[in-house]
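J.: What follows is each chain in one-letter form.
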Amino acid sequence: MSMHASLSLAALATALLGAPASAQHQGHSMPMQMLSQAPTPPPGPTPAPTPVDPHAGHAMPVESAAQPPASDPHAGHVMPATPAAAANSGEAMEGMDHSAMGHGTMAGSTDPSPGPEMETPPPPEAGSGPPRAADAIWGADAMSEAREELRRTHGDFNVFWFQGDRLEVHARKGANDYIWDFQGYYGSPTSRFWFKSEGEGSFGERVEDAEFQALYSRAISPFWDLQAGVRQDVAGPDTTYAVVGVQGLAPYLFELDAALFVSHRGDITARIEAELDQRITQRLILQPRVEVNLAAQDIPWSGVGAGLDKVEAGVRLRYEIIREFAPYIGIEQNWRIGGSADYARALGEDPSVTNYVVGIRFWF
Amino acid sequence: MSNTTLSRRRLIAGLGAVSAFSTMPAWAQGHSIGGHGMSRRGAATIRAGFDEVQGEVIDLAVRDGLRIIEGRRSIGRAVNGSVPGPLIRLREGQSVRFNVANHLREDTSIHWHGLLVPFQMDGVPGVSFPGIKPNQTFTYEFPVRQAGTYWYHSHSGLQEQQGHYGPLVIDPAGAEPVQYDRDYILLLSDFTELDPHFIMSRLRTGEGYFNRQQTSWTDRYKLSGAERRMWAEMRMPPTDIMDIGAPTYTFLANGRGPTEGLEYLFRPGERIRLRVINGSAQSFFNVRIPGLPMTIIGADGQNVRPVEVDEFQIGTAETYDVILQPGSAEAYAIVGESMDRSGMALAMLASRPGARATVPPLRDPPLLTMGDMGMDHGSGGMDHSAMGHGNMPQPESTANSASAARVDHAAMGHGAPAAAGAGAAAADHAAMGHGGSPGTAAAAMGAMSMDGMNMRDTSLLPPDVKVGPGIDMVSMSPVDKTGDPGLGLRDVPHRVLNYRMLAALEPNKDTREPSRLLELHLTGNMERYMWSFDGRMYSAVSDVPIRFAWNERVRVKLVNNTMMGHPIHLHGMFFEIVNGQAPAHQPRKNVIIVQPGASATFDLTANEPGDWAFHCHLMYHMHAGMMQTVTVVGPEGAA
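Same order as they appear, the protein sequences are chains A and B. Each step along the first sequence adds one to the number in our numbering, with nothing skipped, and position 338 is 338. Each step along the second sequence adds one to the number in our numbering, with nothing skipped, and position 204 is 1204.
Derived from the structure by calculation, the hints contain no laboratory data. Among the hints, erroneous ones may be present.
Selected chain B positions facing chain A (in silico; Cβ < 10 Å) [said to hold, decoys possible]:
#, residue
1, H1103
2, F1142
3, E1193
4, Q1213
5, D1219
6, K1222
7, L1223
8, A1226
9, M1526
10, S1532
11, R1536
12, M1537
13, Y1538
14, D1543
15, N1579
Beta carbons: idealized from backbone N, C-alpha and C, even for Gly.
In isolation and in its complexed conformation, chain B is listed as follows:
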């Protein structure tokens, strides 16, 4: 990229590096969707960044190509010649037909993540349809019944890792609940030079293969000798935060590496809607913009009551919409730090092209604690059940970030009234003695001895869990941690989002009391890299669906008996996280992170008939077995 003259073609390709362009309508790019860089046979280059497509009929083509990220090369799978694939822009109430042409030498598919579609249009080969064969064009057709920020990706093989994903935004039929001057997309993902099948194999055969932050004699982790021996005794790595991190991964913002200059332009005082999508295969990100608070207005495409934070964790496949109001600084760094802090995705909010803010260095990698093994030694407000505390959980949820919020507010002095409100809340709760920081409690727990503790007491599991080699740990006393901001964020000195701070903006339509409880155990064996629900990998339960009656209202409790957070995704329906909000305002989501050793609960109205995939959205966990089919019997099946 050192030519001094730029052809028009190069200019356009290069312009992709400026994010503003990435959301440019197709007309502005001369209708060249899918055309850039694809001219040379066999060595087609996949562009970073994306075009926009819209309308009633949308043609999408999936092709191989060469991806080059910061000079690192890899064979990619791209939709319309770019990674991410084109922004699909729809309007609530329209109908849409997608003609998806498969130019790969293997099957492909597109799953519309978070969209309410007839099950046969959901795009999961082997569950909802047969998949799309090479040289075949498959037509998806469905009415658009919702609005919000979503995305799409392959559900075939390991193509997601190779770039087969893109953003999907649906404008509401009515008015947006908030106003803004600019509307940007930040799609976070992970890039690797390695073949994803190689990664899958190494995860099974080479314990810790991708972890370059393991404990060692020369590490800087604050672990005592006793703690190190305890982890060794348990045969568990306290550093297994993400399975795969940098340098295996380069973390991407809209398909660009951190040095590739993704930039969003703004004018001071403008309100910016940033639609953050975690389209990665296997990564969690902690998103923050130093010096600029973020107001969360949407989660997984659904509007939530605005809540202002300084940082939030976004699990794989989650989406968050935030409103930013940049001030007088020339530029702000949008930092998507990987949860294991091995790397970051990076973008700039710039008041003029080329303006750059200081990029904060990577923070120290977090460690797992005994709390992440499900030890119940009271971690302040965090461990209180969301249920049974009457009105308490909501205030407490604020308190979880409360002590932090106080510090932050004082230190950073954000003058927004909302921030002031939160600050007051923090002070309140500190005074009331609810300010217990999970981080502190967890740290205290880490020092405890393991004597007499059974990390795998299978008698704690219900009888429908299959006990076997596939379960290496049983959470001793799993508690609801929807108030947990996530690994690495429990003790940061500013306001961090957690699920208890989310409340649906529009009330939920079905607020019936659930008629039954379904308890599912997330189980795994890190050493063998087996992941499952209730001790059975998908291969053992492919013909045993989780069944719901028509319109049944069910409370589903997910109990995590592993030391990893799992972003559990249900296709085809939204569920409402039981987070202490009134039933009408439990936030609607389609992905729920279940924290290590903890539980999380959602209510579901089973009103979308058919077979649906239900799985951990860490792609390699899903392929290692953490998946099951959900069957909703249609109204005709109701007695």
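With the rest of the complex left out, here is chain A:
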């Protein structure tokens, strides 16, 4: 609103203010009940002395009405304002009559009703079956579409979510790697199709690892989903796995994803990932992350030793430019352990690697 506009408004409003009283009521406020009615007596008794009303001509200041309820309980001897209220309208008398005649002392009592204490089912007269009253008015056909729409949109509807949790570049001695770690779902709050993909490679080289998972995810408790499905590894020798896992939010707000994999070759492995968001400010978030890989047996062709295979521990600091898009920097330490470390050394690789990471986290 510009200054000029404001001034013009002020001028016009002033004009309105200066109008005759009745016009003012029309213009400035809703036409008033009391103006359009025959003069009405001030409703209700005024038990307390009426304070001087600076506004002449108004018989019923609010104080007189406000006082009974405010003061009655503390007088302690007066029934809370029932007589006063009864005098306020003819309808009230009707109510009093009814209660006095039909319900003995209870209804006229000033006591709150004790009420039934135990829940009981509705009486048979309450009927049974689905709610179909509107069918009798508008027809069942006309109603069915709207009923279905209401059911479909109030509660168990599906949503889509896709998250690039980590899309990052690893800078370390010798080479620069990249990794991705995506997941998402489509479905209802309790029943979802879940997909996951992660992989890594070095720039200028062939993709080293790439896996895709397709899972059915079912809520088994408020914070946990049980997931089952398949995983396909496409880099290196094609390998198909059966997957079963749990994903959810653990106490202290750890986001946990734990899965067991059984390959078509019979190898059993497992992976546990945990992340924790620590808000430094509303937008700056520090995220420690740990991933542990386990194997039930040696898998020589992929360089995996039985037992603890690989551990990653890192911390990432992201800034949420918007909730859905956050660049981050971080540092991560990877260890290959036990037999896996031996395999790594045999290939001339260092089993312990420190990565400086730069990446983006996004979702939609």
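Given chain A, put chain B in place with the hints provided.
T.: Chain B alone, transformed into the frame defined by chain A:
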């Protein structure tokens, strides 16, 4: 808006910024209802503020348009080209016919919130009627059987968030119980640039997406390390007060943002009736006028015994009528602070155009406490059941705001006799030892350890509650908190309204003892954003109504097993809150806030036959499942 010359058209559109104009009769605006700004095809602009319509036949048109609030743009859905839609002004006893034309490309509807209508006129697609198709005009027709302050809104899709709502006022057939010189409407709502479907999706997928007041290493919340760990252990955010706040939302007063200058004119000494309507999609407001007490005279359209307060919380879809008597100050700020204190709706009471009062800064955001999880460690008078204490609850309810009232009275020195009465009451109760402040008790509770406590002991739930992933918490020992003024208001140093301070002015017609108890559990999973009654989302119970026999008198107890307050709304009927008042004066309402972890109870006379919607009035909670149909069997069904 920087032109130095104003065309007549601009003048009128601009004038909308002065609230006085917003209640101006249609004739004063040249019968241009629905016409302003709608001239350009495809880029129609929706006006802020509203006209007035009345009569026996009222035409309403629902259209798309562009909303611009403080420079932020959004596609809106408007009734007659303005947000809020026109004030519908009716008179008790008349009949009315509404021709509602749908110019959207999707279905729409209008629900008359709080009105006693035949169920097929209630306007809920899929429950009461098929909805209004695009390019269709639907005719609602019903007799007006009541008086008071109400509102109307879409019950289709997520159109409420987009502006499809407006005020509805019915003048009584007889005299108003109180007198006043001016009659104003303050309709509070929430505006966002975002598509509401996007919001719904983000609520499901992005935990805390809209909360910019979360705990962090650098926050200023008074939480100990142990408390922070405890909340983290429970996987619950103590800062989830409203799900959505500013800056996602801009809070509106009569469709205008806080910088857009809504103004109500007054002359010192005048008595003003302010009809406050919470027409938001998902927001609670704490309403106060620094330096000016408010006398509550109506709740949800029904007259109540006048009670003077300095602040009140208005839940989504509630209405309160208050009487103001501004004094000598040049202006007063009407502050509708969002419950999470991320923003405010703002209007000015001005003794001359342009007069401005100091706007108080936003107060610190409140935090949830262990009391909001239903832990029963006695929070003073607040936790006493409304039942079984004989005459006590009423005085106690006064005592809930009592300690505060004392402070306020002394400090602010309001000279009104009513205030003096309340002040005396406060002193009384303090002396009697009933002055326990809920805030203090809750604060003490927050420090307690969580060891050995089960936040989800499903054995506490009755067998008809479906236990599953949709329930992330079970209130350990839910108590009646109708004496709770609401989140953030438990420890403010002045008088705050709570439900126990409400008493029906005219006695209730049916004061029978309820013949049975119906217990409904409000359940949810914040992480998955599932909300439900008794553990079943609407999609699971669309064919399983809550059934009442004809004229049955039922006590309904709502138990909140979640950490959010839910404004539960029953269509088609008033119920009476069991708040310690005598049955004849239990306040009639159609929305009841059930505080986090607590219970609230109402009595219902099932005397409006048909199918009715019953739901949480937080729009996104309703869409996430917290809804069920109520079926009242008609007299012909009675054996």
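J.: Could you run down the list of hints and mark each one as holding or not?
T.: Do the hints match the structure? See the list:
1. H1103: 19 Å, violated
2. F1142: Violated: closest Cβ of chain A sits about 13 Å from F1142/B, beyond 10 Å.
3. E1193: Violated. Min distance 13 Å.
4. Q1213: 8 Å, holds
5. D1219: 8 Å, holds
6. K1222: Violated - the Cβ of K1222/B stays beyond 10 Å from chain A, reaching only about 17 Å at its closest.
7. L1223: At 13 Å from the nearest chain A Cβ, L1223/B fails the 10 Å test, so the hint is violated.
8. A1226: The hint is violated - A1226/B has no Cβ within 10 Å of chain A, the shortest such distance being about 13 Å.
9. M1526: M1526/B check passes; min Cβ-Cβ to chain A is 9 Å, inside 10 Å.
10. S1532: With a minimum Cβ separation of about 7 Å from chain A (threshold 10 Å), the hint on S1532/B holds.
11. R1536: Given a least distance of 8 Å, the restraint on R1536/B holds.
12. M1537: 3 Å, holds
13. Y1538: 4 Å, holds
14. D1543: Since the shortest Cβ distance to chain A is 4 Å, the answer is holds.
15. N1579: OK, holds: N1579/B within 10 Å of chain A, min 8 Å.
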